[in-house]
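Protein sequence lines correspond, in order, to chains H and D. The numbering used here applies: residue 49 is where the first sequence begins, and numbers increase by one. The numbering used here applies: residue 10 is where the second sequence begins, and numbers increase by one.
These are calculated hints, taken from the structure and not from any lab test. Note that beta-carbon positions come from the ideal geometry of N, C-alpha and C, so glycine has one too. It is possible that some hints are incorrect.
Chain H is nowhere near these chain D residues, computed Cβ spacing over 12 angstroms in every case [unchecked claim]:
1) Ala27
2) Pro39
3) Thr45
4) Ile46
5) His54
6) Gln56
7) Ala75
8) Leu94
Derived pair list, reagent style EDC-like, types lysine to aspartate or glutamate, alpha-carbon separation capped at 16 angstroms [unchecked claim]:
9) Lys536/H to Glu31/D
10) Lys536/H to Asp574/H
11) Lys87/H to Asp70/D
12) Lys63/H to Asp70/D
13) Lys407/H to Glu397/H
14) Lys63/H to Asp24/D
15) Lys634/H to Glu656/H
16) Lys90/D to Glu64/D
17) Lys379/H to Asp660/H
18) Lys491/H to Asp574/H
19) Lys90/D to Asp70/D
20) Lys635/H to Asp475/H
Coverage of chain H stretches by chain D, computed from C-beta distances (three or more under 8 angstroms per stretch; other residues unrestricted) [to be verified]:
21) 85-93
22) 288-300
23) 306-319
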Amino acid sequence: MQNDTERQELRRSIKEAAASQDAGAAVNHARILLTSSSKPVDVMFCASAFTSLSDALTSQLHAKQLKTYVVRSVTVEPILPFLTTEAVLSNYVLNLNVGGYGSYVDELLNPQSPLAKFNPNLVFILLDLEDVAGRLPNLCADGIGAAVDAEIEESVTRIAQLLRNFRSTNSARILFQGCVIPDYSSLGDVGEANLPHSLTNAVYLLNHKLAAVCRTISDCVFFNVDQLAARYGRANWRDDRMFLASRLSVSSAFFGAYAGGLVRSFSSLFRPPRKVLCTDLDNTLWGGVLGEEGPEGIATGSAFPGNCYLEYQRYLKQLSSRGILLAIVSKNNDADVREAFQLRAADLELSLDNFVATKISWNEKATSIRELAEELSLGLDSFVFVDDNPVECEAIRQQLPEVAVIAASVEEPWKLVELLSSQPFFDAAVVTDDDVNRLNEYKAQAQRAELANSAGNRDEFLASLEIVCTFLSALDAPLARSVQLLAKTNQFNLTTRRHSTAEVEEFAAAVGGQAVAVRVRDRFGDAGVVGLALARTKGDTCSIDSLLLSCRVIGRGIETALLAHLGANALRAGATRLVGEFIPTKKNAPCADFYHDHGFVKDVSANESSPDSVFYQLDLTTAAPKSPRWLTLEGNESNEFSASAAVAS
Amino acid sequence: MNRMSSQQVPQSLRDILADVLEISPEEVTPELGVGTIDNWDSFRHLQAILAIEGEYGVQFDPSRIAELTTVSLIQAELVAKGAKL
Numbered sequence: 049m050q051n052d053t054e055r056q057e058l059r060r061s062i063k064e065a066a067a068s069q070d071a072g073a074a075v076n077h078a079r080i081l082l083t084s085s086s087k088p089v090d091v092m093f094c095a096s097a098f099t100s101l102s103d104a105l106t107s108q109l110h111a112k113q114l115k116t117y118v119v120r121s122v123t124v125e126p127i128l129p130f131l132t133t134e135a136v137l138s139n140y141v142l143n144l145n146v147g148g149y150g151s152y153v154d155e156l157l158n159p160q161s162p163l164a165k166f167n168p169n170l171v172f173i174l175l176d177l178e179d180v181a182g183r184l185p186n187l188c189a190d191g192i193g194a195a196v197d198a199e200i201e202e203s204v205t206r207i208a209q210l211l212r213n214f215r216s217t218n219s220a221r222i223l224f225q226g227c228v229i230p231d232y233s234s235l236g237d238v239g240e241a242n243l244p245h246s247l248t249n250a251v252y253l254l255n256h257k258l259a260a261v262c263r264t265i266s267d268c269v270f271f272n273v274d275q276l277a278a279r280y281g282r283a284n285w286r287d288d289r290m291f292l293a294s295r296l297s298v299s300s301a302f303f304g305a306y307a308g309g310l311v312r313s314f315s316s317l318f319r320p321p322r323k324v325l326c327t328d329l330d331n332t333l334w335g336g337v338l339g340e341e342g343p344e345g346i347a348t349g350s351a352f353p354g355n356c357y358l359e360y361q362r363y364l365k366q367l368s369s370r371g372i373l374l375a376i377v378s379k380n381n382d383a384d385v386r387e388a389f390q391l392r393a394a395d396l397e398l399s400l401d402n403f404v405a406t407k408i409s410w411n412e413k414a415t416s417i418r419e420l421a422e423e424l425s426l427g428l429d430s431f432v433f434v435d436d437n438p439v440e441c442e443a444i445r446q447q448l449p450e451v452a453v454i455a456a457s458v459e460e461p462w463k464l465v466e467l468l469s470s471q472p473f474f475d476a477a478v479v480t481d482d483d484v485n486r487l488n489e490y491k492a493q494a495q496r497a498e499l500a501n502s503a504g505n506r507d508e509f510l511a512s513l514e515i516v517c518t519f520l521s522a523l524d525a526p527l528a529r530s531v532q533l534l535a536k537t538n539q540f541n542l543t544t545r546r547h548s549t550a551e552v553e554e555f556a557a558a559v560g561g562q563a564v565a566v567r568v569r570d571r572f573g574d575a576g577v578v579g580l581a582l583a584r585t586k587g588d589t590c591s592i593d594s595l596l597l598s599c600r601v602i603g604r605g606i607e608t609a610l611l612a613h614l615g616a617n618a619l620r621a622g623a624t625r626l627v628g629e630f631i632p633t634k635k636n637a638p639c640a641d642f643y644h645d646h647g648f649v650k651d652v653s654a655n656e657s658s659p660d661s662v663f664y665q666l667d668l669t670t671a672a673p674k675s676p677r678w679l680t681l682e683g684n685e686s687n688e689f690s691a692s693a694a695v696a697s
Numbered sequence: 010m011n012r013m014s015s016q017q018v019p020q021s022l023r024d025i026l027a028d029v030l031e032i033s034p035e036e037v038t039p040e041l042g043v044g045t046i047d048n049w050d051s052f053r054h055l056q057a058i059l060a061i062e063g064e065y066g067v068q069f070d071p072s073r074i075a076e077l078t079t080v081s082l083i084q085a086e087l088v089a090k091g092a093k094l
């Protein structure tokens, strides 16, 4: 705990930063202040400063502005400053609007409601158990009540209808909060634990079913507030005094934790998880220094403290099983490390095969991470770096600010797993098959690079890959994957529009609309769904709204095949002109010449409604793009069908 | 006059109310209260009460909270609760 002089000093710095509109300084000082101060007024002080900085946060730190509407049946107002502050610390600026206590049904269902008129990007739905399933406590009172299951079904059906109806008219992202399991009931702990229809069991089941409903609603995340309550202690989570007097469902001691939980949860709707974890070896993956203690001397295995490291290795392996890539970045002799992995295999949870790449040398770690980023075609903002050495950590923070750094503690190795899991880097509400297969895909990429060196000319090389492109509707890609691509793809993305699920569905359903995903496999493996295009034909013109390709398959002609496919569909839908659009960003330079290279002519007439866009056009009747001959194409039928259906209607 | 009277409010209480109400500590006088400035509405009142409870480790009786409408009333209640101001 800092002393009061330091605290006042930090507050002064925040005030000055706010006065001079220096968003970076304000956030940095606030982070330090709030890490050590537990005073609620300091959070309110920061919230006030951040509110006066909202434009600066966006322009200087690229904080994401979110118009956020809170649908609620409980009091949230005292929590709002905490929400504002937690959001800014995660680089969001929330423009908050709170609905009425009793009007949540109307707000969600009525297209003229204040919620609908506010046109939010994000909606929180925060209801109390009383509102979701108010009869449960009484029905569960005897613990064997037969009506409990029916009541749960009815409640879940009602919520599902609310969410579906809302979704049918509104594309805002949704955070739906579950219910906290009450800490006590008239059955007592023994009855709660043993009786089949106790309230504890009923609310647990209710949450489980509500989460399942949320999975069926696009762009909707279930926020399991009970998990948070359990973590901090259900006995203290709610202050009955303030709940009964003011309908405040969280005790003021946990406003910060609650707001942090909300932010972390909705973040998964806006930000893709990081993709690579780079771990140091000595005193991080295992205890001790390999170069000094030798392979038999390092600590790993079932006995303490080696089991602390084993726990960390297990955690990494679990991350790996859902597609987070692991890499070693260590200053060591390569041969020593290989020997250690061999000799101590029985005491290690990970083998070298679990790593997508290893950088074991005496080079600067920043250099190694940069190389990794290049080899894997991933941005540095996809990387997390774990190291026990504070100097290495600081070097990465300074040289590669995009990389998230975790400082491992040599003295307290048991804390490493908790440290990792307390960070949101790898949070994902959805995991697709493509994520799970990612390690193999990236390993295949390394093999391809090897073959590229041996093959003679480019066409021959590409033909030798035996690439097959399968075109399918983005709805079947599956849809979650298509939306994930829209959210994540930066380099080969012509317009970088982060469309929501609902918007993709609109393209697929509209007359003359196209939402085409492309799946790619070759002799080394299946890369899964790696590209997406959205277009709409009106009259004689087909306009390409979005066209993007995962950077790991760029340069194999797949982008050309995708364009050719769009063109062919457009012709069939009656178009004679293809219009492409390019919106330059910091990252998408690799595709700046895409339309030019495919014979499009730049449309020099300025478009006032989209001043950042560069438009191109192509005459489809004379210059329709053709797919490269080294690609095998599949799955045209279903798209032809939808295109001809569009003509007919 | 204001300056004189803001000094009658203990500094810790003055600072809390200044943060919650987004005003300067000098403006926190004993007579300041719900409705005397725009910022002090019923939700800020709840915020202020919660922050004060946290700071001094006391709990107010909910039925009294709505009656603690001025700085001096809050101060008196804190003294009655034995809080160290």
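Consistency of the hints with the structure:
| no. | hint | in the structure |
| --- | --- | --- |
| 1 | Ala27 | violated (8 angstroms) |
| 2 | Pro39 | holds (19 angstroms) |
| 3 | Thr45 | holds (20 angstroms) |
| 4 | Ile46 | holds (15 angstroms) |
| 5 | His54 | violated (10 angstroms) |
| 6 | Gln56 | violated (5 angstroms) |
| 7 | Ala75 | violated (9 angstroms) |
| 8 | Leu94 | holds (15 angstroms) |
| 9 | Lys536/H to Glu31/D | violated (39 angstroms) |
| 10 | Lys536/H to Asp574/H | violated (19 angstroms) |
| 11 | Lys87/H to Asp70/D | violated (22 angstroms) |
| 12 | Lys63/H to Asp70/D | violated (35 angstroms) |
| 13 | Lys407/H to Glu397/H | violated (20 angstroms) |
| 14 | Lys63/H to Asp24/D | holds (15 angstroms) |
| 15 | Lys634/H to Glu656/H | violated (22 angstroms) |
| 16 | Lys90/D to Glu64/D | holds (13 angstroms) |
| 17 | Lys379/H to Asp660/H | violated (45 angstroms) |
| 18 | Lys491/H to Asp574/H | holds (12 angstroms) |
| 19 | Lys90/D to Asp70/D | holds (11 angstroms) |
| 20 | Lys635/H to Asp475/H | violated (23 angstroms) |
| 21 | 85-93 | holds (count 6) |
| 22 | 288-300 | holds (count 7) |
| 23 | 306-319 | violated (count 0) |
The structure does not agree with the numbered hints 1, 5, 6, 7, 9, 10, 11, 12, 13, 15, 17, 20, 23 stated previously, though it agrees with the rest.
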